[in-house]
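Undergrad: We have chain B already, so just place chain A on it with the hints.
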Amino acid sequence: MAYLNKALLLTAAIALGACSTDADRFGDGSGTPAAGQFDNGGLGDPNDPTSLAYFQQTVGDRVLFVVDQSTLTPQAMVTLDEQASWLANNPEFTAIIEGHADERGTREYNLALGARRASAAQDYLVSRGVAPGRLRTVTYGKERPLEICSDEACYSQNRRAVTVLTAGLTG
Amino acid sequence: MTILRLIAFSVALMLAPFASAQQSGPLRIEITEGVIEPLPIAVAPFVAENPAAANFAGQISQVIGQNLAGTGLFREIGRDAFISQVSSFTAPIRFADWKAINAQALITGAVSVDGNGRLVVKFRLFDVFSEAELGEGLQFVGDRENWRRVAHKVSDQVYSRITGETGYFDSRIVFVSESGPKNARQKRLAIMDYDGANIQFLTDTSSIVLAPRFSPTGDRVLYTSYETGFPQIYELSVGNVQRRQLDVPAEAMTFAPRYAPDGRTVVFSLAQGGNTDIFTLNLDTGARQRLTSAPSIETAPSFSPDGRQIVFESDRSATQQLYVMGAGGGEPRRISFGQGRYGTPVWSPRGDLVAFTKQNQGRFHIGVMRTDGSEERLLTASFLDEGPTWAPNGRVIMFTRETAGASGAPSLFSVDISGRNLRRVPVDGSASDPAWSPLLQ
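These protein sequence lines are chains B and A, in that order. First residue of the first sequence? That's 15 in our numbering, and the numbers climb one at a time after it. First residue of the second sequence? That's 44 in our numbering, and the numbers climb one at a time after it.
Looking at chain B on its own, in the form it has when it is part of the complex (with noise of 0.2 angstroms):
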């Protein structure tokens, strides 16, 4: 048990190494949206700073969490720090963060646990200055796969809490 938790610890090490250094971690923007986030329509330019495809793409909406972890990775802190400086020169959006699971786990765990991931970036997002009214979170569990196979090569992109913004002011 000890040994294979080893196993899957540094699986995932290997998975976020990999996601730090490839550009095209989320996509050209031509795959089936998840649920609850934008369709392709209405991204805007990717090379306009303010725009909702420069958010995801090069700001990066998503961070990533270690198996059965709401902690963050220093990573996901270098993608939050970036969401936060965004959503403070772009006061006009709010965002929901939406927290996942991959399938190896109970139904009902899984929507805890992502809870927990999405409160982990929202907490981080309000300490590095994002007003708390602008961020609500919802938990999908493992709902709302990204990857579809059952590897730690997807599970790993799975494990997720993303950052999906709404234009216009919320209480």
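The set of hints was computed from the structure by calculation and includes no laboratory data. Bear in mind that the values here come from a model prediction, so they are computed numbers and not experimental data. Please note that the accuracy of each hint is not assured.
Listed next, the in silico EDC-like pairs over lysine to aspartate or glutamate satisfying Cα-Cα at most 16 angstroms (straight line) [stated by the list, open to error]:
#1 A/K225 / B/D165
#2 A/K142 / A/D157
#3 A/K225 / B/E117
#4 A/K225 / B/E157
#5 A/K225 / A/E445
#6 A/K142 / A/E174
#7 A/K225 / B/E106
Restraint-style ranges between C-beta atoms, simulated for each label pair [said to hold, decoys possible]:
#8 B/T72 / A/D305: 26 to 34 angstroms
#9 B/N103 / A/T260: 30 to 38 angstroms
#10 A/D247 / B/V92: 25 to 33 angstroms
Just so you know, even glycine gets a beta-carbon here, dropped at the ideal spot from N, CA and C.
TA: Just chain A now, kept in the frame of chain B:
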């Protein structure tokens, strides 16, 4: 999208005038015994007493045979082996002919359609070797479109007379019907007979729905829906398919609802600020009570049948484990101590066992343990088994089994608490999160 209205149904149960009480013979299955050789049983084709009953007679005897054989406790003897034909319900049984094909039990019956167009079904159960009738002949009256329910009622009687246990055939399953690719799966609530027949949809596919649970009387269902964009708990009336959102804080996410045995209290999980705890809600007064307040995850609560305790899962000791607390909260007692992680505990209707999902070394299992955590037994193993639900008699468990890979999909399976008789429940398409109703009235 059509939401079918469920048809109100009543089965009149009457002691038939022809009944003659007999001493029960030695014919009996003790379900608790370790290894069982299925009992050979003959279901004589039911006699159609008028032409309108002809189709029903054949179908009813067929469903009775399927029900009994499906338990793994009985083996149905093929009709082509029969020596005697039963052409009249009242004719004497030629026991020698049934002994010769080694039938231990014989079911005979007759079907007619009465002057009001209602189906009248009579049956008798015989212990072949003691040449005695087992229990009294019974007659059921029901609407023709509910002929399967009548067959289930007869099957429950037979099961009960031979095993001494209550049956589970006249019951329903509410579940989540799934379609579409894994990363954009569509989910809708559906209800069906325990054996997968008569599927009817209760919601459309516009929102993700999860984990429906029957009320103790089977007329209402709790579930979680993303209708608002956030997971929140709803109650749906099975009879008219009306649903309502339960009175919980709009800013919180709520899920994992279950009824208390009183049917008026709901226990559920509420996630706020990243922390998930267990609460109860009184459906009559709207009063909400917090039962746990740890910074860890507390979820998947399930009441004991006497309503005095709640079993739930928590990761307060670092991994998911099972705990029991009083119905009003208080210090919980951990009951799971084996290798791996334990979740989705469900108290059995008999009160003696807790069924659970266990994750260990990359495999998922459905298991049972006593309510103090002793005598853990794993019943299944696969890539992903989860979410057990109990048959009303506490002898069978249904659960979700999901296959691996990009084309992986969930199906419903059932297994005896002995670990025997693992079967896929025949449902068209993918299905998950089954919940078994109580026996219908």
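Undergrad: A separate judgement is required for each hint: does it hold in the structure or not?
TA: Going through the hints against the structure:
| no. | hint | result |
| --- | --- | --- |
| 1 | A/K225 / B/D165 | 14 angstroms, holds |
| 2 | A/K142 / A/D157 | 35 angstroms, violated |
| 3 | A/K225 / B/E117 | 11 angstroms, holds |
| 4 | A/K225 / B/E157 | 9 angstroms, holds |
| 5 | A/K225 / A/E445 | 11 angstroms, holds |
| 6 | A/K142 / A/E174 | 10 angstroms, holds |
| 7 | A/K225 / B/E106 | 34 angstroms, violated |
| 8 | B/T72 / A/D305: 26 to 34 angstroms | 56 angstroms, violated |
| 9 | B/N103 / A/T260: 30 to 38 angstroms | 57 angstroms, violated |
| 10 | A/D247 / B/V92: 25 to 33 angstroms | 42 angstroms, violated |
Checked against the numbered hints listed earlier, the structure breaks hints 2, 7, 8, 9, 10; every other hint is satisfied.
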